[in-house]
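Sequence order for the protein chains is Y and H.
Going by the working numbering, the first sequence wraps up at 354, each residue one higher than the last.
Going by the working numbering, the second sequence wraps up at 515, each residue one higher than the last.
Note that these hints are calculated values from the structure, not bench results.
Hints may be right or wrong, so weigh each one.
[Said to hold, decoys possible] Only part of the chain Y face toward chain H is listed, based on derived beta-carbon distances under 7 angstroms: (1) A3; (2) F17; (3) W33; (4) L74; (5) F96; (6) K149; (7) Y152; (8) W158; (9) A163; (10) A167; (11) G170; (12) I172.
Each residue gets a CB set at the ideal place from its N, CA and C atoms; glycine is no exception.
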Amino acid sequence: MSASKFLKWLSCSFATFSAIVVALFCLHLGQPWWPHHHNREVRIAKHHIAESVEGPTIWLQGGSSTWFGFDSELLSSRTGYQVVNLAFNVTMPSEFCFDEIKRFAKPNDIVILPLENSMYFRDYYSNYAANELAIWAPDFFWDLTWKRKAMYLKYLSWRKVIAGVFARFGQITGSFKNQLKPLEPGQVVANAKAHWNGDYQGDVPAYYNYLTINRYGDFEHSNHALWRGLHDYNLMGTRPISEMTREDLTQFVNWTRSNNIRVFMSWIPMARNEKLNLDHPNAVATISRIRSFTDSLNLNFLGNPEDFLVEIEDLYDTSHHLTAEAARRHTETLIPILNKAIANTGDSNPSSSN
Amino acid sequence: MLFFDPLFIFAFLPVVWLGFKAIGIRVPRSVSIAWLLLASWVFYAWAYPVHLFWLIGSIFANFLCSIAIQKNVDSPRAKQFLVGGIILNLLILGGFKYSGFATESLATIFGLSLQPPSFLLPLAISFFTFQQISYLVTTYRERRMIARPLEYALYVSFFPQLIAGPIVQPGEMIPQLQSKTFGKTNLNDIALGLCLFIIGLGKKILLADNLAPIADLAFGQIAQGDPISALTAWMGLLAFALQIYFDFSAYSEMALGLGLLFGIQLPENFASPYRALSIIDFWRRWHITLSSFFKNYLYIPLGGNRLGFLRRHSNILITMTIAGLWHGANLTFIIWGFAQGLLLSINHFWRFSRVQLPFEVSWLLTFVPVTLCWTFFRAENLNEALQYFSALAGTHGWASTDGLPFIEYLRSLDQTEAWNQVHYSIHYHGWYPKLITGIHIGELVFSKPFLSFIQVTTSLLVVLLFPRPFVWMRQPINGNARFTKKAAFLCSFIITAILIQSGTLQATQFIYFRF
Chain Y
1 MSASKFLKWL SCSFATFSAI VVALFCLHLG QPWWPHHHNR EVRIAKHHIA
51 ESVEGPTIWL QGGSSTWFGF DSELLSSRTG YQVVNLAFNV TMPSEFCFDE
101 IKRFAKPNDI VILPLENSMY FRDYYSNYAA NELAIWAPDF FWDLTWKRKA
151 MYLKYLSWRK VIAGVFARFG QITGSFKNQL KPLEPGQVVA NAKAHWNGDY
201 QGDVPAYYNY LTINRYGDFE HSNHALWRGL HDYNLMGTRP ISEMTREDLT
251 QFVNWTRSNN IRVFMSWIPM ARNEKLNLDH PNAVATISRI RSFTDSLNLN
301 FLGNPEDFLV EIEDLYDTSH HLTAEAARRH TETLIPILNK AIANTGDSNP
351 SSSN
Chain H
1 MLFFDPLFIF AFLPVVWLGF KAIGIRVPRS VSIAWLLLAS WVFYAWAYPV
51 HLFWLIGSIF ANFLCSIAIQ KNVDSPRAKQ FLVGGIILNL LILGGFKYSG
101 FATESLATIF GLSLQPPSFL LPLAISFFTF QQISYLVTTY RERRMIARPL
151 EYALYVSFFP QLIAGPIVQP GEMIPQLQSK TFGKTNLNDI ALGLCLFIIG
201 LGKKILLADN LAPIADLAFG QIAQGDPISA LTAWMGLLAF ALQIYFDFSA
251 YSEMALGLGL LFGIQLPENF ASPYRALSII DFWRRWHITL SSFFKNYLYI
301 PLGGNRLGFL RRHSNILITM TIAGLWHGAN LTFIIWGFAQ GLLLSINHFW
351 RFSRVQLPFE VSWLLTFVPV TLCWTFFRAE NLNEALQYFS ALAGTHGWAS
401 TDGLPFIEYL RSLDQTEAWN QVHYSIHYHG WYPKLITGIH IGELVFSKPF
451 LSFIQVTTSL LVVLLFPRPF VWMRQPINGN ARFTKKAAFL CSFIITAILI
501 QSGTLQATQF IYFRF
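Excised from the complex, chain H in its bound form (with noise of 0.2 angstroms):
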């Protein structure tokens, strides 16, 4: 189920909201904690109902092994749990997730016959299994049981941040759950989650896939092997960056109002990362518990910054790579987690010089290069990315009409089909200014080429404009939160927006439901 799915939004969360409310008013908190876990794990069970067993399976081991954790907090034999724990779970997801990948390269590096293991890999394990990592770790670090087991089983499980994130800490959702006023949601909370999630199936709905088919287009026209100009080569490359920025930024704030909605404060993930001005700012603005898990657990036990300016750099490396396999096993995407390395250890070595830049050079020196990572985590394959390179490059052509005089390049325009009532309609009217003899401003106006540059330039302008939801609505006033009628015209006009172009939505999965 997906949370701009009609099946979600009219019914399954209608239900559990106010089963959940009904719930909070007389009965204990472990019943509505119950029932939060009964809706979240069928949500989960929705598409692929044996995928809760792995789920429910690795709640349940992970809970006996923090409990064995707690139980020899005293003895060297928590650590030894601790440790066994970690492995297990990065066994089970390294199985899952990178067997098949691992085959291939060993088949390829030494010319093996090796068959690749098939299976289904379970949704969203690669986000449970790093939260009860930090769990396990949390337990061992605080030497006490956190959770009971409902609450430990509803922390890993609650359906906002189940598949895609946030990777939640035990001491950002746990004591939330204890609190005597859960399950006891108030006015501001509903109206602030309802209001973030509306802001984030907007951004989805209306612009990530609208988004989505300039960069199909071009990427698909690479992987059949079709040359592309640069300029449609730039046109599909922004708009993926756009595509996904707007995809995670979608996701990520229906997860804090859905979680706001259950009166559950749900970590920030996402703080407007293309308005960051360096490499190192761009990570703690983008997947911001992703950063901070691999920060936490990866780059510091090995060492952080604390072993030489060598070892720094080379954990900086490390760490990134993993971060980049974490996504997906492609020998692309441990490329793109490499590239993001390299350019935090260069942005490292920039603060020494004390050079100042310009907001626009700092700008467009973060967002190029972290665009132009973007084609390895968008190829499906490396010799895809570098053809890629090579479109953008202009090895193709600037443009697909090069050499053509204008007025034949405005007569080879391709009409967007979709726009052609539109279109035809001023037409008719003899509304269209003439351009030039025969050709008007509507060739233009209504061309593919023209309307992609318009789709992803106004998408560029919202990411630099507009403000971030979450901080816009939580900025207090009076100790509430700061509910303004331009929120609420801008909601209803999303809501408007949706119903309209409802029957040709063409909505596709969120990016991060495939890591």
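Okay, chain Y solo, but in the shape it has when bound (with noise of 0.2 angstroms):
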């Protein structure tokens, strides 16, 4: 065989091998391994609790500090908007964060982006989330651009589709046990509802599942050992604001505003430890990062975020997740702040805003 021949063969067979594995990846795409389809099921529950609202809409988004951080029948009955919470876990990228906003908010709702620190110095997918999203958000990859397509890629692992292309035959073959496989949406939608009437009467099948959200999506603290860590909350760090949600925020925002939607940004609860010191170079540099990259945005901050530490009593079970108790606290710090923010950009009665 001669070299021009052996190129071609290496080109062939290279392309040969691409199209298995572009193959095995669509066949793994949607296909679930225990337990992580829950989070599947928590997006379902989200996004019927997000259908169901009608009005004014406070719209909160971030990690799970700010699924476990607010109690949003507090926010709502204190601001007279509708209030659901979107947000659960801090590894999802930012993109996808914002993605669940413009799928639901309408003109002249509010947005308030509690986004968890590391957030906004993240320059990568994290292989949770690109295994996560394989699963239960195909589409996501698909609408990203080719860049980022290739992004993602880099953080899927190879593992996961191999486990993933098990699932497809285990699903054609039958061989596929229950508890593999998920719930319709609809059995779903109909369990949460059972739940949040008091009625529901089967098993919870994990700890952050969509039965241990309420009605306004926040999580439903129940009696989990409590695991107070400590942490500097990505703020002791010296790295600077990344690409990906300078852009991702900057389209985001971009939309809102020809939508007439309102955007805030919030600080996260944070517990005194120490980890963290904001009175730090590092912090008080970081901090100034990220209100500049804000404030380019023409973005406000709600408060400050000496307004929003805790003490580390207040931790429910992670260093981000607040107790029942603290999240109402914590909303009730954030109720002023947010209400004279509300009145200072626009009209502060949203039942005028219809």
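Now that you have both chains on their own, put them together as the hints suggest.
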């Protein structure tokens, strides 16, 4: 075989291998593996809540500190707006978080973004998020730009692809146990409604799942073992704002402006602990970087990081999750600042917005 | 810049290669040489630009020295220039590489409070120093000017071999630079170079770097003072033996391949050393150019095997101990070198007996001692090495689950998190045959020890069963290299596998870059 033939064979066989990989990738999309389809069900339940609300609405979006950190019922009663908490996991890509809001938000709504601090600096897809989204939001991948698609694939575990292909063959052959089978969306909604009405009799399948959210989308606390780790809340580093976040937030803000939707940034609740020192030059500089970035988009922050400091006893099961009582206090702290901001930026009476 | 760095593969290499091809079409050969020299210096200076000062300074000084030797070729001063040049090279190398070690040793032995000098060792100084010494010696022996300044600078700096060898003799490269056809690469060389580069890339990323965590875990635990079982220690040591094998083999093949892309055939530096059937054979196959250097420039000048039995064996021990020291300023490297010398001496003794051992026994008697010696090479210090040997001997038990019944042993196995998704996927299909009540085969298959065992065994099989790419590809058919469909498939498989794994790769620097 001559060198030119060799190079032709090299190209052809590479094309063949690539085609096989692409086929396996497509085959695995949407395939669950226990127990992570619970995130899918949380999303279905939250989408149901979002679709059900009527009138001017406040949309909460961020990481799990937002899922655990708000008393949306209280927020709704004190602002007069409907409230939906769409947040659930810090690793979710920023464009995913913003896309979730874009699905439901309408003119005159308000968006509050207590983004986890790490989300400002993240210039990659987490392996966890890439794996998860491949299971329950394959459309997210197809909607990405080519550059982002390549980036996403970089972080998708090849073992996850194999697992997904096994799951697909399991479905085809029928050897697919109940635990692995995701619930139909209708069943998820029916179970969630029954749970909110106190009628649900079945098992709660996992700790974080669609049966641990209330009718606003907040996390519903149980008697889970407390775990209160120390954390610097990603304020003590020197990382710059990522281009990825910059691009996504800019696009989102442009979309909200063209749809007459107000956006407020907010700080996450952070526990006073030995790893966090808001007076440290790094923390001061990081906060300043975040503020400069949001200022460049004409976005206002609701309060200051110091306003949302909590005690370590207010944490629930991680250094980012508040107890129900602390979530209520966190919301109470935010409400006057929010009401003032709403009044400063437009009509404060939601009913007149209609 | 590393050969597997995307910046190197997708930017540096294509730009340099396309530039080289474009220049080779019309302009004189010296422009091609200058282009490659410039690229090599950019490559070298990428991480630490200040190191370029040492490289260029060393090239300049050595070239002046070679001119002085050539100008005084008929007078005794030529030898003085040669000796002076060699001493200067060794002083610079020693100053950078061994002054810290020497200061620390003196401080320890004499209880002095000496502060070891702190400076960054110029990358590849051991390699380019040796290469230039061989040039000075060759100039002296051949009594003529071997290369023009640009050719000499490229001979020392050519980026495929600059960082970790091979240590090229002037006669192996300079005539190629002086050939009229230099700069006009043919398709055969390009295809062969590409193939070797890809196979090397695969060895590094898919094999060596996947073995590293197994070795790191075992040696890391010992470094922290945690006892490990003999099973873990042997697995860790075998993993390191294979890691360094594939790491060095990968580098050597990538260097050969890159050389061919530019029409330069570098000498082979690695010839399946783990297939050796004696220690002597092993050292003819491992780091071939370094072994030749020490043989030609140390062992033979010391008297080699010409001065009697005792001198011969002491020369072997001296040469190998210094070769050990060349790898790094640490007692562990000195002991490693001495141990290799001892093994070589024993091997020479054995030859007198003229007893032919069965193939398998010969292989084991070579592979096992070589592998055991890697303990000194990998350990951070002597104490760690001794602790590791103690673990290998089973002083902390043979397995971490000694005394547990089999079922409890299976239950105690750590599952490998990376494989959890596949494990669960199969599990929830009920596709696992049950071994014992409550325990199925997946618990075993996806456990850390089992997967480590599979990785080590597979790698060893690759070592023993796969042909040497360079030989495999160079066997001529009708005067052409032997391009096969198998090679094409292998290369495309490697590229695909690397692309698939690219997100989770934990690529590490080549081990020999440290030297």
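Check each numbered hint from earlier against the structure, then list the numbers of those it violates in ascending order.
4, 5, 6, 7, 12
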